[in-house]
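As a plain string of letters, each chain reads:
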Amino acid sequence: METATYNLKRFRREILRQFLMFGSLLLLFIFFSLSSPNFFTFGNIVSIMLATCVNGMLALGVTFVIITGGIDLSIGTVMTLSAVMSGVFITYWHLPVFLGILGGVGTGMLCGFANGVVISKMKLPPFIATLGMMMVAKGLALVISKAAPIYFTHAPSFSRIAMGSLVGKLFPGFDVPNAVLIFIVSIVLASIILTKTVVGRYDFAIGSNEEAARLSGLNVDKWKTVIYSLCGIFVGMGGVMMASRLNSAQPALGQGYELDAIAAVVIGGTSLSGGEGSTIGTVVGAFIMSTLINGLRILSVPQEWQIVVSGIIVIGAVYLDIIRRQG
Amino acid sequence: MKYLRSVLLLVVLAVVLSIGIACAEEKALYIPMISKGFQHQFWQAVKKGAEQAAKDYGVTITFEGPESEAMVDKQIDMLQAALAKKPDALCLAALDSKAVVPYVEKAKEMGIPVIGFDSGVESDIPVTTVATDNIKAAGYAADKMAELIGGEGEVALVVHDQTSRTGIDRRDGFVNRIKEKYPNIKIVDIQYGGGDHLKSTDLAKAIIQAHPNLKGIFGANEGSAIGVINAVRELNKIGQIVVIGYDSGKQQMDAIREGLMAGAITQNPVGMGYMAVEAAIKAVKGEELPKYIDSGFYWYDKSNIDSPEIKQCLYE
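Protein chains in written order, with my numbering: chain F, 1 to 327; chain S, 328 to 643.
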């Protein structure tokens, strides 16, 4: 009986939280739309979605890792390395575009796999292991590309991955770039993996109580490696999307992107101590960040203040998480 | 409902902050400037010049740039937001001259004139580009070098690289001026140190040791110039070799005050910002503009390093 009321309470709180999160995003939209006629236009909404895509991909991937109670600091530079590798496949080796995509995504997965092995087999704390990978990936990206951008100009189909518009072909005038489409498909995939498959179940199990999971016979090492590799796949896709959007692989870019992604996850209500979280929360978190930045730009708020406001939002969101936990 | 209250508080806070900060909308011309950065003092100086022009001409500007010069994608997000505001003109210092092309094309479609500053875009669309004429500035450095060493003797160059536009222009500007005007000056060596302080120091030392009669060295950017200063100091050749630098930075400025360095060329970021806004206004009015506008440079040495005109162009 007691657990039942507890569960009900918890359920209601969860609903309230999700509602509030969507509510805040909606409020932001309403506020910016009222403040400027240039905010709520088709073109600008597409810009916001496009600006969310890459960060959103990284955030989706790292959500899985954070739910285990781990962290992945390497996602920013692994994304860069993935982009550079697809550049190597397509521009240096003249391989077909789909192999380039596979190469990029595969690179992300390999880096994730390496993270997983170092963390589960060599017992390094995730913070240190992925900090190391962050540097390795950054260095490799610079070495492989010889510190110069790799352009995809001779493979025009590559830039259509993110910037072409299937939707626009079906509904003329409605030019939503493919990157947004890919992002939406990835959200659906991530949600299914997290809520409907064993990977998701074990993810939460490890995060709630790693020792208990181990004692009940779960091969924690193996599943952790799987989860870090999964994160790598999303990161690799983010890298390919980034390269496609810029029509070039920029080897010096990427550091600092992990923090934006982690901020989106945290705003979305996923706890850094593990055991709880949702992909929808992460997506809303990523949208809150990009909407805020875009809106402040549209209002011509000086850049210095944009950063201050974003920081306040991050702190506020985590504070809310703490209140929720106590409440 | 402590939680709900906090959410509301947060949103209200964000809203109030934004309103407070957002400037009152005016009907003046609006010109956003998208730069390569905004924290670096060079860009702050560009911003200062742009703001001065905005004040003088009564237009509204905003100045934005990504946190690091690697963030090509962040710059594109800024560019998109700027275009969404349907500005009257746009000033752009592209981080990647190719990646921005589709957005510059979009600006053209929307009828928004684009003015490049600092570096160009690989497209014919920008009405004009306001940038430092490095060839001219390096030529002036060569004149100064000739004057300081008495019009004859051996000189050498330490350049950051042989592939970048600034590296090539500064090297050729210096070398060609010497060849054209000063037949008695011989350029004995040109070395490339990647702008790396340590590497430039080592190779400047090697140059000095290889050429005992060397009278002067030109360091073509901040890192190269600092390398030359270090080499002269380590080999105890202070006063025997004329050192001329480029750009600024604390170490270079200290060396000039100490007399270790004869002087240096600085770009004119304040002027660059001012001229970019000026060009944008002219473009909106439909006036003819040249394809390139030279934002000029200054020669600074011990005598004028603290003058207000120079000081605003230097950074530590």
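Keep in mind the hints are simulated off the structure, nothing from the lab. Treat the hints with care, as some may be off.
[Unchecked claim] Quick partial rundown of chain F residues pointing at chain S, CB under 8 Å, derived from the structure:
{"hint": "1", "residue": "G43"}
{"hint": "2", "residue": "N44"}
{"hint": "3", "residue": "S47"}
{"hint": "4", "residue": "P149"}
{"hint": "5", "residue": "R245"}
{"hint": "6", "residue": "L253"}
Even for Gly, the Cβ is constructed at its ideal location relative to N, Cα and C.
Starting from the hint list further up, note which numbers the structure goes against and sort them upward.
Every hint satisfied by this model.
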